[in-house]
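**Student:** Here the protein sequences come in this chain order: A and B.
Position 208 of the first sequence, counting from 1, maps to 208 under this note's numbering, and the rest follow consecutively.
Position 39 of the second sequence, counting from 1, maps to 39 under this note's numbering, and the rest follow consecutively.
If you're looking for bench data, these hints aren't it; they were derived computationally from the structure.
Heads up, some of the hints might be wrong.
[Said to hold, decoys possible] What follows is a set of in silico ranges between Cβ atoms, one per label pair, in the way DEER data are often shown:
#	chain 1	residue 1	chain 2	residue 2	range
1	B	Thr126	A	Gly285	54 to 64 Å
2	B	Cys72	A	Ala47	54 to 64 Å
3	B	Gly164	A	Glu416	24 to 34 Å
4	B	Arg53	A	Leu148	52 to 62 Å
[What the hints assert, rightly or not] Heads up, simulated DMTMM-like pairs for lysine to aspartate or glutamate below, C-alpha to C-alpha not over 20 Å straight-line:
#	chain 1	residue 1	chain 2	residue 2
5	A	Lys200	B	Glu173
6	A	Lys200	B	Asp79
7	A	Lys200	A	Glu416
8	A	Lys200	A	Asp427
9	A	Lys200	A	Glu420
10	B	Lys143	B	Asp132
[As the list claims (entries may be wrong)] Here are a few chain B residues that face chain A, going by a calculated C-beta distance under 10 Å:
#	residue
11	His109
12	Val113
13	Arg144
14	Gly146
15	Leu198
Virtual Cβ for every residue (Gly too), placed ideally from N, Cα, C.
So you can see what is in the structure, the chains are spelled out below.
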Amino acid sequence: MLGVQALGPVSSHRAAETEPTPIASTAMEPQPIDHARNGGDGAGGAARDAERDAWVTLLSVPGVGPVTFGELLAVFGSAGAVIEVASSPIGWALLREALAHHAASAVGERAEVRTARVAMPAVGWDLASRICDGIADGRRATERVRSLGLKVVTLEEPTYPARLRLVDLPPPILYVRGSVEAMAADHVVAIVGTRWPTDKGRLIAGWIASAVARAGAVVVSGLAVGIDGAAHAAVVAEGLSTVAVLGGGHAHLFPRAHERLAEAIAGSGGAVVSELLPDTSPSRGAFPRRNRLVSGMSDATIVVEAGRRSGALITAGWALEQGRECFLVPGPFDAPTSAGCHAFLRSFPGQARLVSGIPELLEDLELDGGASMRAAEPSPGEPRDPRRGEPGSSAIGAGRAAVLASLAPVERALAEMLVEGPASVDDLSRRTCLGAAAILSALTLLELRGLVAGAGGRYVPTGTLASWARSPSARLKRRE
Amino acid sequence: MVGGGPHLSPGEVTLANDGILFLDELPEFDRTTLESLRQPLEDGQVAIARVGRATVFPSRFQLIAAMNPCPCGFAASGDGRCRCQPGVVERYAGRISGPLRDRMDLWVHMPRVEPGEYVRSASPETSRVVADRIAEARLRQIKRSGVPNSRLSGRALRSACGLGPTEQAHAVELAELEGWSARGIERLLRVARTAADLAGCNRVEASHLDEAARFRGPSDRRVGFEAVG
Chain A
1 MLGVQALGPV SSHRAAETEP TPIASTAMEP QPIDHARNGG DGAGGAARDA ERDAWVTLLS
61 VPGVGPVTFG ELLAVFGSAG AVIEVASSPI GWALLREALA HHAASAVGER AEVRTARVAM
121 PAVGWDLASR ICDGIADGRR ATERVRSLGL KVVTLEEPTY PARLRLVDLP PPILYVRGSV
181 EAMAADHVVA IVGTRWPTDK GRLIAGWIAS AVARAGAVVV SGLAVGIDGA AHAAVVAEGL
241 STVAVLGGGH AHLFPRAHER LAEAIAGSGG AVVSELLPDT SPSRGAFPRR NRLVSGMSDA
301 TIVVEAGRRS GALITAGWAL EQGRECFLVP GPFDAPTSAG CHAFLRSFPG QARLVSGIPE
361 LLEDLELDGG ASMRAAEPSP GEPRDPRRGE PGSSAIGAGR AAVLASLAPV ERALAEMLVE
421 GPASVDDLSR RTCLGAAAIL SALTLLELRG LVAGAGGRYV PTGTLASWAR SPSARLKRRE
Chain B
1 MVGGGPHLSP GEVTLANDGI LFLDELPEFD RTTLESLRQP LEDGQVAIAR VGRATVFPSR
61 FQLIAAMNPC PCGFAASGDG RCRCQPGVVE RYAGRISGPL RDRMDLWVHM PRVEPGEYVR
121 SASPETSRVV ADRIAEARLR QIKRSGVPNS RLSGRALRSA CGLGPTEQAH AVELAELEGW
181 SARGIERLLR VARTAADLAG CNRVEASHLD EAARFRGPSD RRVGFEAVG
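Sequences and hints are given; from them, build the entire structure.
**Tutor:** Okay, here's the thing in structure tokens:
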């Protein structure tokens, strides 16, 4: 199915969010930690920090992935204990011995998952000695993480994103730049798509992202150029939080063109997250793997535009695999930029769902538009209009009307046209039958008001004009 | 380009004196070649010094240049066909240095014309009509200042514009939006003066400033935070 490998049993139950993960259950009781803090507070905090450092150190050893790490934890109880054992002169022998015993005793409970592996110890000679060597200079990894100002969230901490815990083989550690809390929101929605979108696709991604964010959900995406970037940027423009999951380490932010966007995300209450050590450079294989985190963190994944072989479809596939919702935005019948969405919808009837409009999408996601309206217009003394609950009918619609009413006729006409989709001066001139000079000066005034921006000869709506309430589908809904 | 060689011969900038120098595919030119255009563009003459000899050639030309938005040419087509890697578009545009960009008065984006549109469109104005209008505007400029707008010095330009207080405030607002240098503001005024001349106005009004502001170059100011691929 579309390049998605099955990696074990599908967890198709969303209700069971409190169920412990395989790793956590074989490890230890989660400690009563209230907060992911890396500063440390008192004795308990220091111990927590030490264990967190031990996780980073152990996972920085080449060859130690989630599986090996889980086994080590199961045997030794904590990463700190593993390091203690490995630091002794005969560390590698002890490691190997203990794991061999564990493998033998675990035959019963794990046979169905890793039948092939039970016969041999998970930690071979090579790996055992590598762990011992790696730990000797393991300080370097923790120092590096600290010097970059990254926060570390381990699987055993309560701040670890609850949805991600339910994924098969969740990453043991997340390195976070920005706010850890952003990942723990009540509603999390992923918005992904092609790196080469059409103007309209970019606009739609922005509409969906701002609508979903205003309805109180955190938007997750992959920080790529194109749809991902448009979704992140729209949320940042609203001053709300969004989470970007990287395909490489933090020190190798990719694409570099989005460094400012990443900064804005971290600065506006969101988070930039990676499961990889900061110095890991992005590789071809890393992005499909990253995609499983994007969908795994989210209740639902929305694909805006995807070509036939787009990586966004891998994310959509993961979403279904992980038992999450998956929505696809349809495009013109023959558009190569939507062919992947259409193919996916056809491949998964009854599972993949169609986005037929933004209010409909919010409804399908069980998001309440009302809460966001209040956030958008905070006036505590004023009694709340019950009709505000209906998306597209209320304060935002009124805001748009007010903005448009304040414009001169020519500017208003241009603004209304650009809301439908980006256009060049020639397009606008033809559609309004106005001379270029009049259009150019009106565009400048719109730009001064922050309503329009020019990019490569085409003009796109920005700010309040770009928000979802102005989308044609929202307007259709209002007319009903 | 600027001239030189063993016989100290004039270059293209001098050959184009009192005419037009057209450089197609501007970013494909060598960086040093492009940078060497700065002095002739600014001074209208070019000084060349070789061993034991130095000379000055005139180089009062109108520079017209064309470039694609990216190596593949599809960036900004808006239909997802540009497959240039992130950053390539910016790097390609970045081959034209800031100082050189600053010296160009008019930047015009030419979006792709759809085939159907091209076949259908009835040309609303012929070049002859446009040429007449330009000649008229030029005559108006020479009558006013003795020289065309392009040769006006800073002070003469400001007095020729005759901006009122509201227009001045508006010009400042525009300059702040774009983060313009003094050279940028001068360019805005020069283009606005010309726009007013084309419209047959004696004074530069706010709408002319707005119109002039549209002809700006690919500035460093991005649309939001997002790289537009």
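**Student:** Decide, hint by hint, whether the structure agrees.
**Tutor:** Evaluation of the provided hints:
The hint said 54 to 64 Å for the Cβ distance between Thr126 (chain B) and Gly285 (chain A), and at roughly 59 Å that hint holds. Distance hint for Cys72 (chain B) and Ala47 (chain A): a CB-CB separation of about 56 Å, consistent with the stated range 54 to 64 Å. Between Gly164 (chain B) and Glu416 (chain A) the beta carbons are some 32 Å apart, a value that agrees with the proposed interval 24 to 34 Å. In this structure, Arg53 (chain B) and Leu148 (chain A) meet the distance hint of 52 to 62 Å, their C-beta atoms being roughly 58 Å apart.
With a CA separation close to 31 Å, the supplied pair Lys200 (chain A) and Glu173 (chain B) exceeds the 20 Å bound. For a cut-off of 20 Å, the pair hint linking Lys200 (chain A) to Asp79 (chain B) stands: about 8 Å separates their Cα positions. Proximity of Lys200 (chain A) to Glu416 (chain A) is assessed by CA-CA distance (about 15 Å); at most 20 Å being required, the pair is judged to hold. Among the hinted pairs, Lys200 (chain A) with Asp427 (chain A) is consistent with the structure: their alpha-carbon atoms are about 15 Å apart, no more than 20 Å.
Between Lys200 (chain A) and Glu420 (chain A) the CA atoms are separated by roughly 9 Å; this keeps the pair inside 20 Å, and the hint holds. Of the pairs offered as hints, the one joining Lys143 (chain B) and Asp132 (chain B) holds, with about 16 Å between alpha carbons and a cut-off of 20 Å not exceeded. Hint status for His109 (chain B): holds, given a least beta-carbon distance of 2 Å to chain A, under 10 Å. Satisfaction of the interface hint for Val113 (chain B) is found here, the shortest Cβ-Cβ separation to chain A being roughly 8 Å, below the 10 Å cut-off.
Residue-level restraint check for Arg144 (chain B) is violated (minimum Cβ-Cβ distance to chain A is 20 Å; threshold 10 Å). The beta carbon of Gly146 (chain B) is not positioned within 10 Å of any beta carbon in chain A (closest approach about 26 Å), and the interface hint is therefore violated. The interface hint given for Leu198 (chain B) is met, as the beta carbon of that residue sits about 8 Å from the closest beta carbon of chain A, less than 10 Å.
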